[in-house]
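S.K.: Sequence:
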Amino acid sequence: MKNRTFALVFALIVVLVFALAGCGSTPASQPADSSGSTDVSTFKTLGDILAVTAIDQYSYNEEKYAGVFQIGETYYRVLAESSQEIWDGLNAIDFFDEDRDEKTAELLGPLEIEKIDDLTAAMPSQDELAGYAGKTGQDLIDEGFETNGWSFYDEDPLYFMVCGDYEYDVTMNGPVDIDPNEEVDGEGMLPELTVKSMVITGISGHATDF
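Here the sequence shown stands for residues 4 to 213, numbered as in this note's numbering.
Since the hints were derived computationally from the structure, they do not count as laboratory data.
Worth double-checking, as some hints may not be accurate.
[What the hints assert, rightly or not] Simulated restraints, written as ranges between beta carbons of each label pair:
no.	residue 1	residue 2	range
1	T174	A125	18 to 26 Å
2	H209	Q129	17 to 25 Å
3	K67	T204	25 to 33 Å
4	D102	L82	51 to 59 Å
[Said to hold, decoys possible] Within a straight-line C-alpha distance of at most 35 Å, the following computed DSBU-like cross-link-like pairs (lysine-lysine) qualify:
no.	residue 1	residue 2
5	K47	K67
6	K138	K199
7	K47	K138
8	K67	K106
9	K67	K118
10	K106	K47
11	K118	K106
A quick note: this is a predicted structure, and the numbers were derived from the prediction, not measured.
The beta carbon of each residue, even a glycine, is placed where N, CA and C say it ideally should be.
Work the whole structure out from these sequences, hints included.
M.R.: So this is what it looks like as structure tokens:
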């Protein structure tokens with residue numbers, strides 16, 4: 004019987020970041036624009052963004068606010084100025100408050116945008132990702148890839164990884180000799196494995212790092 008193991012590191016990181024940095028999602032005041040026709044260069048405040056789409060993930064402190072939003076098939080990162088007043092106001096909103104979203108949007112709306120980055124345009128191409136084939140797990144570690152979990156359910160091990168602004172599914176060459184009765188040390192095995200293929204699966208939490 005094949006062994007199936009998933010690490011829960013990513014879930015723990017999300018909980019920790021949420022508790023310390025204020026990550027989450029701020030819904031749009033109107034239905035999101037799925038056409039991708041909106042010109043983001045016209046956005047001057049966070050309120051302009053929230054008028055057309057949700058901010059899917061964010062982080063903030065007393066000086067800066069960073070968020071990720073999607074229009075059509077394109078993901079963007081927005082950076083805006085924050086303040087002690089915004090920090091205190093956001094932290095004062097009860098998580099279980101039924102009006103939490105409205106209160107959050109009211110606080111964020113006036114914040115002026117410093118810049119917007121196109122995260123989709125900056126994604127490595129599939130041809131670039133194909134160049135990782137044959138590299139070792141240690142090579143990935145040396146390049147800054149972080150492991151969030153793994154699965155040894157199939158013959159070829161699958162690793163869930165993060166590097167910079169993006170999340171990756173990295174398939175390693177198998178099969179791997181494992182004992183189905185023991186817990187798999189995926190992190191310890193990674194350096195010696197070689198990459199078969201990889202794909203980008205989403206935007207990582209690092210996209211809102213300052």
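S.K.: All the hints need checking, so say for each whether the structure fits it.
M.R.: Okay, the hints, checked on the actual structure:
1. Here the CB-CB span from T174 to A125 is close to 23 Å, well matched to the stated 18 to 26 Å.
2. For the pair H209 and Q129, the supplied restraint of 17 to 25 Å holds, since their beta-carbon distance comes to about 21 Å.
3. The beta-carbon spacing between K67 and T204, approximately 27 Å, falls within the hinted interval of 25 to 33 Å.
4. Take D102 and L82: their Cβ atoms lie about 27 Å apart, and the range 51 to 59 Å is violated.
5. Only pairs whose Cα atoms come within 35 Å are accepted, and K47 paired with K67 is accepted, the gap being roughly 16 Å.
6. Taken as a hint, the K138 and K199 pair is honoured in the structure, with Cα atoms around 8 Å apart against an allowance of 35 Å.
7. Proximity of K47 to K138 is assessed by CA-CA distance (about 43 Å); at most 35 Å being required, the pair is judged violated.
8. Distance hint between K67 and K106 is fulfilled; the C-alpha atoms sit about 19 Å from each other, no more than 35 Å.
9. Distance hint between K67 and K118 is fulfilled; the C-alpha atoms sit about 12 Å from each other, no more than 35 Å.
10. Taken as a hint, the K106 and K47 pair is honoured in the structure, with Cα atoms around 20 Å apart against an allowance of 35 Å.
11. Distance check on the hinted pair: K118 and K106 sit about 24 Å apart at the alpha-carbon level, within 35 Å; holds.
Of the numbered hints listed earlier, those contradicted by the structure are 4, 7.
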